[in-house]
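Peer 1: Mind docking chain B on chain A? Use the hints.
Number of protein chains: 2
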Amino acid sequence: MSHPAALQPLVWDQRVLSLLDQTDLPQRERWVQADTVEAVVHAIRTMQVRGAPAIGIAAAAGMAIAARAASERGEAIGPALDRAAHLLRGTRPTAVNLRWAVERALHEAATAPEPAEVAGALGRLVTRLIDEQWAADRALSALGAALLPDQARVWTHCNTGALATGAYGTALGIIRAAHERGRIAMVYVDESRPRLQGARLTVWELTRLGVPHTLVPDVAAAALMASGRLDAVVVGADRVAANGDVANKIGTYALALAARHHGIPFYVAAPCSTIDLRTPTGGAIPIEERGPDEVRVIGQEAITVPDVAVWNPAFDMSRPPSW
Amino acid sequence: MSHPAALQPLVWDQRVLSLLDQTDLPQRERWVQADTVEAVVHAIRTMQVRGAPAIGIAAAAGMAIAARAASERGEAIGPALDRAAHLLRGTRPTAVNLRWAVERALHEAATAPEPAEVAGALGRLVTRLIDEQWAADRALSALGAALLPDQARVWTHCNTGALATGAYGTALGIIRAAHERGRIAMVYVDESRPRLQGARLTVWELTRLGVPHTLVPDVAAAALMASGRLDAVVVGADRVAANGDVANKIGTYALALAARHHGIPFYVAAPCSTIDLRTPTGGAIPIEERGPDEVRVIGQEAITVPDVAVWNPAFDMSRPPSW
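As they're listed, the protein sequences go chains A and B. Numbering-wise (my numbering), the first sequence opens with residue 97 and increments by one. Numbering-wise (my numbering), the second sequence opens with residue 97 and increments by one.
Chain A extracted, bound-state conformation (with noise of 0.2 Å):
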């Protein structure tokens, strides 16, 4: 499995997993070694990784973290990974790949042989989710470059690239698919308020690939789409309903009734891992609701009056029209 140096932003050694640390980009480009659970869970609610796919790995390694600690003390294991598992659930609630990542974990577990291989057996487990993502990042990749026209002009929301899968990304994926096929004439980045992973980590990705771009505010999309300069709009899950529901980062749904509006092709792009089949519909996803200072400061940089109310959802719903 191919994976180019140049953007790996999440490492696993079997004892310690390196993350590029995404509250830095673009302006540092610093690595987090996270070698403990807690690190891993503070890596995960600070968001230092991201993405629905990436913090489902991270939280596999986090799983083989605490086995191989309980394991290299004496502790019994099954405890030490109920209460990793306990602690990594309650990171963040939306992205169902990190519940999955760590049923896979508890259930890798409880199919080893014997106690003393179970830390080794979670530690293969997270290279074979990365290398899982790679294949799937790949395949969804080539056959979603296969639905955009040549000289595609191409919006994507938020960031769905290496940095968000470990992987080769997925609707990011398919848009450097399709730049390796010379098909692509302008991807519109939009800055993905509040936190910006539009501006911050897929100019930089995009950058990096050499892949054009242009970086608009996010209210500029229903201009760009009226306009006639936009011909597919890719963006990626943090979790599918059974029903086709998409909750993916807030200001989705907005891109989707636009898209629509303007007879604009809206794909959502996401490995298997991130279909949820026991959550019938999108009102049972629970929507994590960030705190306001995300919203109030950027940076340094204080924007409104202190204190004032404020809401933040992370994510929103929308629901494919025709299903």
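Be a bit skeptical, because a hint or two may be false.
One-sided and incomplete, this derived list gives chain A residues near chain B with beta-carbon spacing under 10 Å [to be verified]:
1. Q110
2. L292
3. A319
4. L351
Partial list, derived from the structure: chain A residues whose beta carbon lies under 10 Å from chain B [as the list claims (entries may be wrong)]:
5. S288
6. A295
7. T303
8. G306
9. G347
10. Y349
11. A352
12. A354
13. E390
14. V391
15. V406
In case anyone wonders, no lab produced these hints; they're calculated from the structure. Quick reminder that beta carbons are idealized off the backbone N, C-alpha and C, glycines included.
Peer 2: Frame of chain A, contents of chain B only:
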């Protein structure tokens, strides 16, 4: 005419235009004293004063200042006014009020009985424009407030209050009038990227007025609408074409599409000076594109890769569906 001292961000004393600097709010309440045409041009271009009606009044003040300066230097007033008109028209292209106010000033000058009276006449015109704006704002605010349900939950975009009109406000005037009648449950204020007029200015005004409000990222409007917690959207306008097309702050169009999808009433509030019967449709309204650093940098905080290409239209176009 009542001019509450609490919110009078634009003061004209027949010689100097005093402006509460909107680029410094809400952190600092700093006043700018504009006593030359160049200072007025600078204030409009840098958005120390902004909002379609307010820049109209500021432009008229610029004309009055130019007439007085020529008069005091013993120079011909006609060429001085032509030069001032040219400078002022070149500041910002989209809002029609600016052109309308410059034309009113030129007409006032042309009909003055003798040159020595032009400066005084233009000074009084500015006062009259402010009074007219107060009358228009109060009238449209009362009409608009009557359209809102009791205990209304209202979304507003950008800033359309005293800061934007130099008087009572248009869309925010409606909210203010409804609040004075005890009928506002909550105002949802969006950030209004990229210049954050909602976060910086509207939150500041509503705080001063004691109106309950919540700041929300622009991208979350459609999710709020879907949640059933919104009764109406009220916005202003920078220019309304003869066919009813509305040019307004970028992001208005996406709000209009989402409101229509959810069956939520969408009101555009503007005085007659914003209606441009000489422009047949929105397609003929010039849409200002502003510089890339408005998007790349927030205050002192770089939010993206330096030199990334940016598309930064300041306005967009909405068309009433049943027009």
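Peer 1: Each hint should be assessed against the structure and marked as holding or not.
Peer 2: These are the hints, each one checked on the structure:
| no. | hint | in the structure |
| --- | --- | --- |
| 1 | Q110 | 34 Å, violated |
| 2 | L292 | 5 Å, holds |
| 3 | A319 | 4 Å, holds |
| 4 | L351 | 9 Å, holds |
| 5 | S288 | 7 Å, holds |
| 6 | A295 | 4 Å, holds |
| 7 | T303 | 5 Å, holds |
| 8 | G306 | 13 Å, violated |
| 9 | G347 | 3 Å, holds |
| 10 | Y349 | 5 Å, holds |
| 11 | A352 | 8 Å, holds |
| 12 | A354 | 5 Å, holds |
| 13 | E390 | 9 Å, holds |
| 14 | V391 | 6 Å, holds |
| 15 | V406 | 5 Å, holds |
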